[in-house]
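Novice: Could you put together the complete structure from these sequences and hints?
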Amino acid sequence: MTECRMNYEALSKSFYEQQGELRQAKEEIKFLDHQIQMLERRNTRQARHLEKIYKLIRNKEWDKLTALYMDTKQDYEEII
Numbered sequence: 009m010t011e012c013r014m015n016y017e018a019l020s021k022s023f024y025e026q027q028g029e030l031r032q033a034k035e036e037i038k039f040l041d042h043q044i045q046m047l048e049r050r051n052t053r054q055a056r057h058l059e060k061i062y063k064l065i066r067n068k069e070w071d072k073l074t075a076l077y078m079d080t081k082q083d084y085e086e087i088i
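With our numbering as the guide, the letters of the sequence shown map in order to residues 9 to 88.
Rather than coming from a laboratory, the hints here were simulated on the basis of the structure. Think of the CB as a built atom: it goes at the ideal place given N, C-alpha and C, for glycine as much as any other residue. Hints may be right or wrong, so weigh each one.
Said to hold, decoys possible - Straight-line distance between alpha carbons at most 35 Å, and here's what the computed DSBU-like set of lysine-lysine pairs gives:
| id | residue 1 | residue 2 |
| --- | --- | --- |
| 1 | LYS72 | LYS60 |
| 2 | LYS60 | LYS81 |
| 3 | LYS60 | LYS34 |
| 4 | LYS68 | LYS81 |
| 5 | LYS81 | LYS63 |
| 6 | LYS34 | LYS21 |
Stated by the list, open to error - Taking CB as the label site, the calculated pair distances span:
| id | residue 1 | residue 2 | range |
| --- | --- | --- | --- |
| 7 | THR74 | ASN51 | 17 to 27 Å |
| 8 | ASN51 | TYR77 | 12 to 22 Å |
| 9 | THR52 | LYS81 | 13 to 23 Å |
| 10 | LEU73 | ILE37 | 39 to 49 Å |
| 11 | LYS38 | THR80 | 43 to 53 Å |
| 12 | GLU48 | GLU69 | 25 to 35 Å |
Specialist: See the structure below:
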């Protein structure tokens with residue numbers, strides 16, 4: 009086998025290995041992007057919930073605050 013052919017085969021092998029690594033990296037990036045989106049949605053929901061609580065406390069709407077607490081508690085119990 010000629011030196012040129014051996015170099016070509018080595019380069020080809022290296023290229024295909026790098027292509028595999030690139031595909032794997034792209035899949036990992038896609039997975040992490042999805043995780044980030046899920047966390048951002050959860051944070052948005054939590055922020056809205058805290059905003060509701062703040063408004064109820066600021067306006068001293070204790071009955072509504074208690075009702076919100078009971079609804080939230082029931083939601084968490086259903087999840088568990």
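Novice: Which numbered hints does this structure break?
Specialist: 3 and 11
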